[in-house]
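K.L.:
The task is simple: from the sequences and hints, build the whole structure.
This is what each chain is made of:
There are 2 protein chains.
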Amino acid sequence: MLPRFYGPDAERPGDIIQLPEEEAGHLTRVLRLKAGAPVCVFNGRGGEFDAVVGAAAKGRVRVRLGAARTAAPEPRVAVTLAQAVLKGDHMDEVVRDAVMMGVAAIQPIVTTRTEASLAALERGRRRERWERIAISSAKQCGRATVPPILEPRVFADVAAALAHLSLPGPGLMFVEPSAANGAQTLAELGVAPPRETTVVIGPEGGWDADEIDRAAAACRLVTLGGRTLRADAMALVALAALYAVWREF
Amino acid sequence: MLPRFYGPDAERPGDIIQLPEEEAGHLTRVLRLKAGAPVCVFNGRGGEFDAVVGAAAKGRVRVRLGAARTAAPEPRVAVTLAQAVLKGDHMDEVVRDAVMMGVAAIQPIVTTRTEASLAALERGRRRERWERIAISSAKQCGRATVPPILEPRVFADVAAALAHLSLPGPGLMFVEPSAANGAQTLAELGVAPPRETTVVIGPEGGWDADEIDRAAAACRLVTLGGRTLRADAMALVALAALYAVWREF
Numbered sequence: 001m002l003p004r005f006y007g008p009d010a011e012r013p014g015d016i017i018q019l020p021e022e023e024a025g026h027l028t029r030v031l032r033l034k035a036g037a038p039v040c041v042f043n044g045r046g047g048e049f050d051a052v053v054g055a056a057a058k059g060r061v062r063v064r065l066g067a068a069r070t071a072a073p074e075p076r077v078a079v080t081l082a083q084a085v086l087k088g089d090h091m092d093e094v095v096r097d098a099v100m101m102g103v104a105a106i107q108p109i110v111t112t113r114t115e116a117s118l119a120a121l122e123r124g125r126r127r128e129r130w131e132r133i134a135i136s137s138a139k140q141c142g143r144a145t146v147p148p149i150l151e152p153r154v155f156a157d158v159a160a161a162l163a164h165l166s167l168p169g170p171g172l173m174f175v176e177p178s179a180a181n182g183a184q185t186l187a188e189l190g191v192a193p194p195r196e197t198t199v200v201i202g203p204e205g206g207w208d209a210d211e212i213d214r215a216a217a218a219c220r221l222v223t224l225g226g227r228t229l230r231a232d233a234m235a236l237v238a239l240a241a242l243y244a245v246w247r248e249f
Numbered sequence: 001m002l003p004r005f006y007g008p009d010a011e012r013p014g015d016i017i018q019l020p021e022e023e024a025g026h027l028t029r030v031l032r033l034k035a036g037a038p039v040c041v042f043n044g045r046g047g048e049f050d051a052v053v054g055a056a057a058k059g060r061v062r063v064r065l066g067a068a069r070t071a072a073p074e075p076r077v078a079v080t081l082a083q084a085v086l087k088g089d090h091m092d093e094v095v096r097d098a099v100m101m102g103v104a105a106i107q108p109i110v111t112t113r114t115e116a117s118l119a120a121l122e123r124g125r126r127r128e129r130w131e132r133i134a135i136s137s138a139k140q141c142g143r144a145t146v147p148p149i150l151e152p153r154v155f156a157d158v159a160a161a162l163a164h165l166s167l168p169g170p171g172l173m174f175v176e177p178s179a180a181n182g183a184q185t186l187a188e189l190g191v192a193p194p195r196e197t198t199v200v201i202g203p204e205g206g207w208d209a210d211e212i213d214r215a216a217a218a219c220r221l222v223t224l225g226g227r228t229l230r231a232d233a234m235a236l237v238a239l240a241a242l243y244a245v246w247r248e249f
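If you're matching them up, the sequences are chains A and B in order.
The working numbering numbers the first residue of the first sequence as 1 and each following residue consecutively.
The working numbering numbers the first residue of the second sequence as 1 and each following residue consecutively.
What the hints contain is simulated information worked out from the structure, not anything from laboratory work.
Each residue gets a CB set at the ideal place from its N, CA and C atoms; glycine is no exception.
Each hint should be verified, as a subset may be incorrect.
Claimed, not checked - Distance condition first, Cα-Cα at most 30 angstroms in a straight line; then the derived BS3-like pairs of lysine-lysine:
#1 K139(B) <-> K87(A)
#2 K58(A) <-> K34(A)
#3 K87(A) <-> K87(B)
#4 K139(A) <-> K87(B)
#5 K87(A) <-> K139(A)
Claimed, not checked - Label-pair distances were calculated between CB atoms; the ranges are:
#6 E11(A) <-> P73(B): 51 to 59 angstroms
#7 V52(A) <-> P170(B): 44 to 52 angstroms
#8 A217(A) <-> E196(B): 39 to 47 angstroms
#9 E11(A) <-> E22(B): 57 to 65 angstroms
P.N.:
See below:
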């Protein structure tokens, strides 16, 4: 398989474009490719091209685009993953996994039981970090689309956005079986594939009762099986289960 | 939630049993519980009990079993996960995830593109390590059943076992879309829930052509979507997708 690089400026066959600095470093320092090497460039918006390395020195790399390639297919259902920020590296892993699975966007949420505040996420430049992880995951899994990482928001704002459909709804909020009376299993829900939806997933400590009440107006509450799933595995399990039910798999 | 401990000797309400050394250490040194503390004990074979700590000192802990508890439900389909041994800690993560998802047994496999040999797994006491991880994952996810880790085998033996039904078959072997002509998507396959099955998952480098040919006689070849899934995420995604199709979720 040709080495793949992210080139947001790639538009048309024949274009000569410069790769972002991080991509140029990967090409020259890690893979040690030289002028003339065949590569593949995707623009993060679904476009993918054969390409040839031109000038390549000191982290500045130009490539000439060749023929457009057929990009890996995107899922038919555009899923926005609204994920409560997890501790340590776990949010990084969820971003990586969700991009691999094919989500259309990722909305980080600060909930009552989330440890980090919006201010701490801002100070730590976490959104920029998740954007780099999204690019890296798209490179690895063969996607030509890099889903945007939306500005982190508190849960109340996300619930309001779902109610007013500024996030795609009705959302599907995943809850522990014990957490909510009105929750249904995926089989009970019998979800037909929507055009788009928001999948809402909580933090390590789960949702608090107020959050579930607030969400119940704008979301459908869903449980998965009888075992307790780890918070950092929940997005991957929920997306795989939904894609299977929607016949994406 | 009561702290949960693995007590393989737990059989009947009223019994006084000793916990395994590792569990005793967890109870006394990590959770610092004393005599009289209420706990919950599961025996790994589906039995779960209220219990009270009796003598607790120096890694030797006795508990008295109270009433039997209703254990978390096991999946209706008994899945044996036949997983090619992955590099580094990734096999540990797959064992942890598969136990959380509810598999009935785990069969580690050495394939053509697996780095470790059976001898290296034996020397490294890897099976014992995976057994400890299975117990730890069952504790965390609320399962009362600890699935066995079967003796690691080379792929040819696993394929033969599937053909002779000494492993539950017909198996479902997951392959890259590009890897095999005869592979079907999960939607094409239209899998009705079997009573039991073996799910076969490959290593980082994928299956070689001989392995796919050999498996095609004993397995159905399955692909999932158009993106490339990481080897260490494949088991979790495949199990979640299958449980969704089988209406376990």
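K.L.:
Hint by hint, note whether the structure agrees.
P.N.:
Verification of the supplied hints:
A distance of roughly 21 angstroms separates the Cα atoms of K139(B) and K87(A); the hinted pair therefore holds under the 30 angstroms criterion. Under the criterion of a C-alpha separation no larger than 30 angstroms, the hint pairing K58(A) with K34(A) is consistent with the structure, at around 12 angstroms. The suggested pairing of K87(A) with K87(B) holds, with an alpha-carbon distance near 25 angstroms, which does not exceed 30 angstroms. Under the criterion of a C-alpha separation no larger than 30 angstroms, the hint pairing K139(A) with K87(B) is consistent with the structure, at around 21 angstroms.
About 25 angstroms separates the Cα atoms of K87(A) and K139(A), which keeps this hinted pair within 30 angstroms; it holds. Separated by about 53 angstroms at the C-beta atoms, E11(A) and P73(B) satisfy the suggested range of 51 to 59 angstroms. For the pair V52(A) and P170(B), the supplied restraint of 44 to 52 angstroms holds, since their beta-carbon distance comes to about 46 angstroms. Roughly 42 angstroms separates the CB atoms of A217(A) and E196(B), a value that falls within the hinted 39 to 47 angstroms.
Under the hint 57 to 65 angstroms, the C-beta atoms of E11(A) and E22(B), about 59 angstroms apart, fit the expected range.
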